[in-house]
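Q: Sequence:
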Amino acid sequence: DHCAAINQAAYDMAMSTASSAARARFQKSGRPMKMVSDRKPTPPAGPWWIWNYLQYNDKGNDGMEISSWYAFYSLSAPAYGAGNHYCKLLSPARALEWIYTDGLRAASLVGPNVDDIVV
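The working numbering applies: residue 4 is where the sequence shown begins, and numbers increase by one.
Be a bit skeptical, because a hint or two may be false.
What follows is a set of in silico ranges between Cβ atoms, one per label pair, in the way DEER data are often shown [said to hold, decoys possible]: (1) S19 <-> N60: 22 to 28 Å; (2) D15 <-> S40: 16 to 22 Å; (3) T20 <-> H88: 23 to 29 Å; (4) H5 <-> S79: 14 to 20 Å.
Heads up, simulated DSS-like pairs for lysine-lysine below, C-alpha to C-alpha not over 27 Å straight-line [claimed, not checked]: (5) K62 <-> K43; (6) K91 <-> K62; (7) K91 <-> K43; (8) K37 <-> K62; (9) K62 <-> K31; (10) K91 <-> K37.
Hints listed in this document are in silico derivations from the structure and should not be mistaken for laboratory results.
As the structure is a prediction and not an experimental result, all values here were calculated from the model.
Where a beta carbon is used, it is the ideal one built from N, C-alpha and C, also for glycine.
All chains should be modelled from the sequences, with the hints used to inform the complete structure.
A: Set out below in structure tokens:
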């Protein structure tokens with residue numbers, strides 16, 4: 004789960020960049036972002052990776068699950084893709100927005116079927 008590790012680093016960077024007041028407020032009342040396993044597109048080819056987006060799965064009071072689509076090609080792959088690694092990445096700015104505003108919203112404000120929402 005290379006993409007999940009990179010996304011976790013972006014979230015950690017945002018958390019360390021947030022003001023101490025914002026960080027304390029979020030740690031007390033916020034809903035965390037949780038990185039989950041990377042997803043491989045089917046078929047595992049460029050267009051199917053391109054046409055998929057970073058997945059946000061709202062789990063209500065348990066937080067927001069983030070999953071990334073990935074495409075990794077070994078050095079022995081065809082020349083046009085050999086050695087390339089692709090991930091859909093979480094922006095640290097988006098993570099900061101979650102820490103400062105979106106993650107502080109009560110799960111009840113998101114909607115009645117919050118466990119079924121995939122953005």
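Q: Just to be careful, I want the Cα atoms of K91 and K43 compared with a cutoff of 27 Å; is the pair within it?
A: Answer holds: K91 to K43 is near 11 Å, not above 27 Å.
Q: Can the suggested window of 16 to 22 Å be confirmed for the beta-carbon pair D15 and S40?
A: The hint (16 to 22 Å, Cβ to Cβ) holds, given that D15 and S40 are roughly 18 Å apart.
Q: Mind checking the alpha carbons of K62 and K43 for me, to see if they're no more than 27 Å apart?
A: Satisfied, since the Cα-Cα distance of roughly 22 Å is no more than 27 Å.
Q: Check the hint pairing K37 with K62 against an upper bound of 27 Å on the C-alpha distance.
A: holds (10 Å)
Q: S19 and N60, beta-carbon distance inside 22 to 28 Å?
A: holds (25 Å)
Q: Could you check the hint for me, namely that H5 and S79 are 14 to 20 Å apart, CB to CB?
A: holds (19 Å)
Q: So does T20 sit 23 to 29 Å from H88, Cβ to Cβ?
A: holds (26 Å)
Q: Are the Cα positions of K91 and K37 separated by 27 Å at most?
A: holds (15 Å)
Q: Within 27 Å, alpha carbon to alpha carbon, are K62 and K31?
A: holds (18 Å)
Q: Take the C-alpha atoms of K91 and K62, compute the straight-line distance between them, and say whether it is at most 27 Å.
A: holds (20 Å)
Hint compliance for this structure: no hint is broken.
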